[in-house]
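Q: Okay, here's what each chain looks like letter by letter:
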Amino acid sequence: MNKFKSLFTSNPNQVITADLLTSAGIIILQLAGIFILSKLLFKFINYLIKNIFEEKKGYDKQTKQRNKTLKTILKSALRYLFYFVVVTTSLQVLGIPTASILAGAGVFGLAVGFGAQSLVEDIITGFFILFENQFGVGDYIKTSGVEGFVTEVGLRTTRIKNFDGDLHIIPNGNIKQVTNLTADLRRVTVDAAIEYEQDIGQAITVLEDLCQEVKLEYSEIISEGPKVLGVQELAASSVNIRVIAMVEAEEAWQLERVMKQKIKERFDEESIGIPYNHLTLVEK
Amino acid sequence: MNKFKSLFTSNPNQVITADLLTSAGIIILQLAGIFILSKLLFKFINYLIKNIFEEKKGYDKQTKQRNKTLKTILKSALRYLFYFVVVTTSLQVLGIPTASILAGAGVFGLAVGFGAQSLVEDIITGFFILFENQFGVGDYIKTSGVEGFVTEVGLRTTRIKNFDGDLHIIPNGNIKQVTNLTADLRRVTVDAAIEYEQDIGQAITVLEDLCQEVKLEYSEIISEGPKVLGVQELAASSVNIRVIAMVEAEEAWQLERVMKQKIKERFDEESIGIPYNHLTLVEK
Amino acid sequence: MNKFKSLFTSNPNQVITADLLTSAGIIILQLAGIFILSKLLFKFINYLIKNIFEEKKGYDKQTKQRNKTLKTILKSALRYLFYFVVVTTSLQVLGIPTASILAGAGVFGLAVGFGAQSLVEDIITGFFILFENQFGVGDYIKTSGVEGFVTEVGLRTTRIKNFDGDLHIIPNGNIKQVTNLTADLRRVTVDAAIEYEQDIGQAITVLEDLCQEVKLEYSEIISEGPKVLGVQELAASSVNIRVIAMVEAEEAWQLERVMKQKIKERFDEESIGIPYNHLTLVEK
Amino acid sequence: MNKFKSLFTSNPNQVITADLLTSAGIIILQLAGIFILSKLLFKFINYLIKNIFEEKKGYDKQTKQRNKTLKTILKSALRYLFYFVVVTTSLQVLGIPTASILAGAGVFGLAVGFGAQSLVEDIITGFFILFENQFGVGDYIKTSGVEGFVTEVGLRTTRIKNFDGDLHIIPNGNIKQVTNLTADLRRVTVDAAIEYEQDIGQAITVLEDLCQEVKLEYSEIISEGPKVLGVQELAASSVNIRVIAMVEAEEAWQLERVMKQKIKERFDEESIGIPYNHLTLVEK
Amino acid sequence: MNKFKSLFTSNPNQVITADLLTSAGIIILQLAGIFILSKLLFKFINYLIKNIFEEKKGYDKQTKQRNKTLKTILKSALRYLFYFVVVTTSLQVLGIPTASILAGAGVFGLAVGFGAQSLVEDIITGFFILFENQFGVGDYIKTSGVEGFVTEVGLRTTRIKNFDGDLHIIPNGNIKQVTNLTADLRRVTVDAAIEYEQDIGQAITVLEDLCQEVKLEYSEIISEGPKVLGVQELAASSVNIRVIAMVEAEEAWQLERVMKQKIKERFDEESIGIPYNHLTLVEK
Amino acid sequence: MNKFKSLFTSNPNQVITADLLTSAGIIILQLAGIFILSKLLFKFINYLIKNIFEEKKGYDKQTKQRNKTLKTILKSALRYLFYFVVVTTSLQVLGIPTASILAGAGVFGLAVGFGAQSLVEDIITGFFILFENQFGVGDYIKTSGVEGFVTEVGLRTTRIKNFDGDLHIIPNGNIKQVTNLTADLRRVTVDAAIEYEQDIGQAITVLEDLCQEVKLEYSEIISEGPKVLGVQELAASSVNIRVIAMVEAEEAWQLERVMKQKIKERFDEESIGIPYNHLTLVEK
Amino acid sequence: MNKFKSLFTSNPNQVITADLLTSAGIIILQLAGIFILSKLLFKFINYLIKNIFEEKKGYDKQTKQRNKTLKTILKSALRYLFYFVVVTTSLQVLGIPTASILAGAGVFGLAVGFGAQSLVEDIITGFFILFENQFGVGDYIKTSGVEGFVTEVGLRTTRIKNFDGDLHIIPNGNIKQVTNLTADLRRVTVDAAIEYEQDIGQAITVLEDLCQEVKLEYSEIISEGPKVLGVQELAASSVNIRVIAMVEAEEAWQLERVMKQKIKERFDEESIGIPYNHLTLVEK
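Residue numbers (our numbering), protein chains in the order written: chain B, 1 to 284; chain A, 1 to 284; chain P, 1 to 284; chain L, 1 to 284; chain G, 1 to 284; chain Z, 1 to 284; chain Y, 1 to 284.
Careful: at least some of the hints might be erroneous.
Stretch by stretch, here's where chain P covers chain L in the computed footprint (C-beta under 8 Å, at least three residues) [said to hold, decoys possible]:
(1) 88–97
(2) 107–116
(3) 166–175
(4) 256–268
Keep in mind that the hints were calculated from the coordinates and are not lab data.
Where a beta carbon is used, it is the ideal one built from N, C-alpha and C, also for glycine.
Using the sequences plus the hints, can you model the full thing?
A: What follows is the structure, given as structure tokens:
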């Protein structure tokens, strides 16, 4: 571990100088080797960074600007890292102990490593979002307590914009679980409430009739139904009858509005009341 | 640890050159060995990767595409890893200290290792889901705050689609606890509410009669019951009588709707009112 | 640490070849030893695995199939582990530094170790559930937010089925705290609500009379009581009188229903009204 | 670090065989020493285990059975541990590197160590519960979201049974914070609600009179009071007057019931109404 | 690192026995040194333990008993620790590798260390509670979800008893944040509700008059006020006027009761009604 | 590792003094080297610190003051760190073991490193907020449970001020997820409630007419709409018709107020009532 | 690593005694060096501690007392730490292995280090609170679930007192996020509720008139407004009109009370009713 030590410990009966020179020569050779090798590695990694950032050509101006900044930071960080490696390695070759320097750098490195943990997790999750095609730009998703249309899927963050115009910026590491609402057809569910006094059979007939009408009118967006499922609930003040339909995901919100309006209007025509909350009064 | 050192420390009375050459020869031999060994290992692991990805033949196109991508990434990662191992090992053979290089790589490795932790957990949990046969494609499950039919069980994620068409994509590590609703028969539970003024005995008789009727009509899907359990609750405004039945899991939702409608209709026939909320007014 | 080094550093005035041969012989001996030892250990561990999986004979077909799969995976994992140990140990014997290889494997091992943490916790908790006999198959328990009858207690997961037929699969590590509802007798608690205008003394007499009747009728399942505890609450619209009984755990739900029906019927006979919510109106 | 190496590196001009034999002899001596020492340690630890489990004589049958199982497991685990230590130590003595074996065992050990963390925490907390005498068998405590009478305080778990017969089994590590309800006297608190129209002074006089009566009747369980504190709240529909008493913890629940009944009856006698919710109606 | 090795590697041309003896002598000397040193250290630490536990003389019987138990446990733990250190150190001196033994002990030590983490945190927090004088025995505090009077502040736990007699035992590590209610004067806040039809000015005059009266009557406990702050809220059915006063912390609860009663009585005298909830009815 | 040792172990037949002197000379040379090198490094890092803090010239007075403080602290910390490294390295050169010193410093370093973890995370997140341009000063954002206008984006904290004047100071590490409300146009959503008796068609016509009017009047801030979407909900007491418009983010709050007032006024003109909650009374 | 070993391994043909003496001399020299150095370091650190605690002269008596206690504890801890370092270093110099001692101390150190983690975090956060001037004594802040006036900002804890006199003591590490309510002007917001039947225009005129009046009367504390924003909400039973004003933070609470009273009084004058909750009754 220590060159100088070796010089003296092993040459009892010789002229010291010769060995000293040879040994010093070896050390100089090693130091030279370290400088040349690290120079080469430095160039190679710079070349790699350049390559990584150049092959992503499809990006827009803002992304290019960002990549440029990132490249500069990475290069700068690498430069200081190489200085550190070269200096400590040279010290070791010269026989000066570097344990305390390395220990200090290690604690610093650990602190940074722990702090960067969530960054690494963001990138790994981001990779799997893209790789497993969990959702794409334009999908309407729910995740991490927010929902909206995906506007950008990056390696570190995903951007979602909701109907109100709120732009949610979510680090991918927060996307533990995703619900994609536009992955397939969506079910439109309307629960029509009728009075307890109303004949259920008649109400179902009226709704089935209405379903046929809606089916014809909106046939281009409806894949299945609408149909009457039956009595969903004997609620506190009403009997709820469920009507469902499978439609293109994007049209679900609008069809729901249409069906609600149509049910209300048809019930008015057929004198089927939609009940308010009821309360039975007992006079004492 | 250092070849050059050895050269000089141990050959006091000899011609240095001879030893130097021999020692240099050994080093060259070792370096050659390292290159050959790592080349072989590299090939072997490449062969393993190829094997692992080829034996899963049943998968569809998308999966094949994904596996191809994953294979490329793994190979690329391995290549850089091998470069690193070969270079640092060679440096050690040449007597250049590599402690600071290894320490830096270690911190980087730890950061990646910590970040990849949830990935490892996903895969281990995924393995146990498949291995313990917790649920399969088509089962209706509740887990991690969502519910729906399982559409895909992967090693890293599980996909669940609910009645509304929402596609939930859940990393397996999030599936701490699973509730399988279609593992066995399901119980249909309907609480029939009657007025406090109503005779309980009569209501139970009516319900038992209805149960017999439903049993006959739906015998092909009902395994047990329906039967009247008794007075479940003396609620604020009603006496609730519970009726239960064991049916095929898939039919439970529909039978519940049928029974609610039948109870309402039979109660209407028998003039048993389903009570609204009651309030006793005290005039001051 | 390095055999080749030794060869040259220590034999200044001798014929090098002889020593080289001896030293090479030693290395060959050591390598042979490594191969033989690891072969033996490999066989021994395979034998252990076989033993562990064979002595559990009481299991059914599914468990046998599972054990077979697990055995294959374990054997395969062990095989690769042994290859790794043999190769790195041989490299060390040959004087090639393995620090960087070991460091890489260490990071990989740590990632797997961290990811497997919850697996280890599941197994340790599972061991204590069985060892401390916290609950057994057939018990009705509450744990980790769900409740139901235990259908299987495994080393890694516990399965619970509730009245509705939901099958909860819970990793044992999630079972932080267990409530066993069928460990002992259960208390049936019914709060009979009477009007504020009602005489409390009379109501208690009626209930005590009813308790005697229930005691006789259900003496085979009731261990203690039923008895009247007294006025539990002066509630917003009623005076609540508590009646309790200690019964066999399995019969508690049914007896509760019976007692509620009986109280309602007896109160009807005795013209003791069960009050609705009251509201005092103040006209302005 | 390597015996064979030493053999050849240090005896240039001698007959090799003699040294080889001596050196081999030393190795054999060391190996023998290792086997004897580990055998002795093994016996000593077995003896310790036996001692630890035997000196706890007061336990019942179930505990004995459990201790026996635990003893067998501990012995078995120790046996394999000793095999591992003896084999790796012998390998080191024979000059075969064991770094990769130890690293693998270390990762395994860490995984187990992390998984066993909560076990260690359970035991440490359990020790302090017993040591600090936080609660004993028979105490009524609240902890970790449940409450009931303590039925068993173990080193790893505590068992609590509530009034309903639910048996809560809580790992001690979950007992972060304990509330002991039977550590001392308990306060019985009854808030008597009177009409806003009622004279507060008169109501307080009636309650104070009642307190005297209760004090005399239940003097053997009441330590202090009951006494009237005053107007606790000008509530939405009533003026609430608080009455408190300090009693033996076990009697608190029953005395509360008694006082509620007595207040109701006395208020009836004195024509002090307990008000229902009030609502002022404004006709438009 | 290995004495026996040294024996043979360094004495090529000598009589082996002499060196062997000398070397063995050194080893015996070192072993003796280890035994003597550890004996001394053992005694020193025992002496320290004794000292630490003796200088706390003010404690009562229970604490003394506890200290005695703790002393015995500590001594016993130390004894086994010393055995371990002496044995492993001796093994190292004898040239037997102890890496695998130390690794095993290290994993065990880590598990215990992690498990004891919360114990260490308890003690550190406990130290700061005492050191910063956050609260003392007799203070009424809120912390960790409970509140009550502090009855004991220990180094590991704090005990709090509330008005109802519940004894909360809280590990200091749970006391993240403390609210001390008796650190200073307390504000008594009473919101007097008047009808919307009532003249606010008149009500304020009445309240101010009342405040003067209370100020005189309770001057010994009131530091400031009571005074009328003004209209705190235009609530759903009332106008709320706030009255505040600064009093001795211990008297705050009682003064609040007094002021509520006085406001009610004075409002009755002045015919200022305290309104019930109002509802405007719209007949259809 | 130890110079003195080397002196004596390797020079059996020589004059000790000469070697001692040479060896001592080497040590002195190394110590000198350490002092010179660390002095240079110290100066270089001081130069770096100076540079880093000087090139940020745009900052205001307060920032300058803060940078000056930070510079002083960093310099002071570095000074003590260098003292530590120089002393321990010198001790190692002198052959005095420093393992126990380094271990102590390591534990201290780890404690600081763990404690500084959240600081590192703050800075990394802060960098990405700036780098990815997630939001800027003046944006109205929601994050970490608060919302308001961004007033400052720092590397460690972000400051947000809400409409009420509350200044939220949030460490960047808390900003896991951001919602930017002023990133783009905002949608104004008003749900107009009409009576169930009201004709839906007429109400929609009135609202569409109003929309045209608002469009003309506020054309400079409205990008799209307002338009009537249809029946959003058949609510408990009303039919809700949704009207939306896309506007400049800053104007959204004001336009919403305007539209609510206009809808109320227009409905008054057209005698379309906005319904109160309805309740159907059933007299017993 | 071992002096005694060196003695015997390197001096085959000499008189042992001479070397032994020299070598022993070196050891004695090193031991002496260790003692002197550690003594010096000990004194230096004591001097540092003294300096750190002396330069904070502004503190009051209590702080001085506390600093004195802290100084004593720190000195005592240092003394034992030095004893440990000196003893283990001396053992190493004497050739006795200290690996197992250091490992034990390391585990102890880690446990303390982990436990002290939150202490370090408290101090780092405390530094940034002071350094970034997040809030000062006298500010009214919300943080960590409590709010009140800051009474003390320490390096480890912050003390906040609310209006009721509660003293919150919060470790700085809990202060993740701060809301400073007195950093700038505050907005007073009053929502005036009017009947649906009321003309909005008239109500706004009345409120604007009132705003002018308040502006004049309280001009010294109001910076902006009060002004009428418009219809904030078409609520269930009222139309809410928002009035806002920017005032000195300290005056906000009082001005809000004043404005509420004035609005009520002015509405009374103008016969604008503040509505109660409305309910439309539908008789069946």
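Q: Now look at each hint and say whether the structure bears it out.
A: Each hint tested on the structure:
Coverage of the region 88–97 of chain L by chain P holds in this model, with 5 residues showing a Cβ closer than 8 Å to a Cβ of that chain against a need of three. With 8 residues carrying a beta carbon less than 8 Å from a beta carbon of chain P, the region 107–116 of chain L meets the three-residue requirement, and the given coverage holds. Only residues whose C-beta sits within less than 8 Å of a C-beta in chain P count toward coverage, and the region 166–175 of chain L has 7 of them, enough to reach three; the restraint holds. Counting residues of the region 256–268 of chain L whose C-beta lies closer than 8 Å to any C-beta of chain P gives 7; at least three are required, and the coverage claim holds.
This entry satisfies every hint, going by the numbered hints stated previously.
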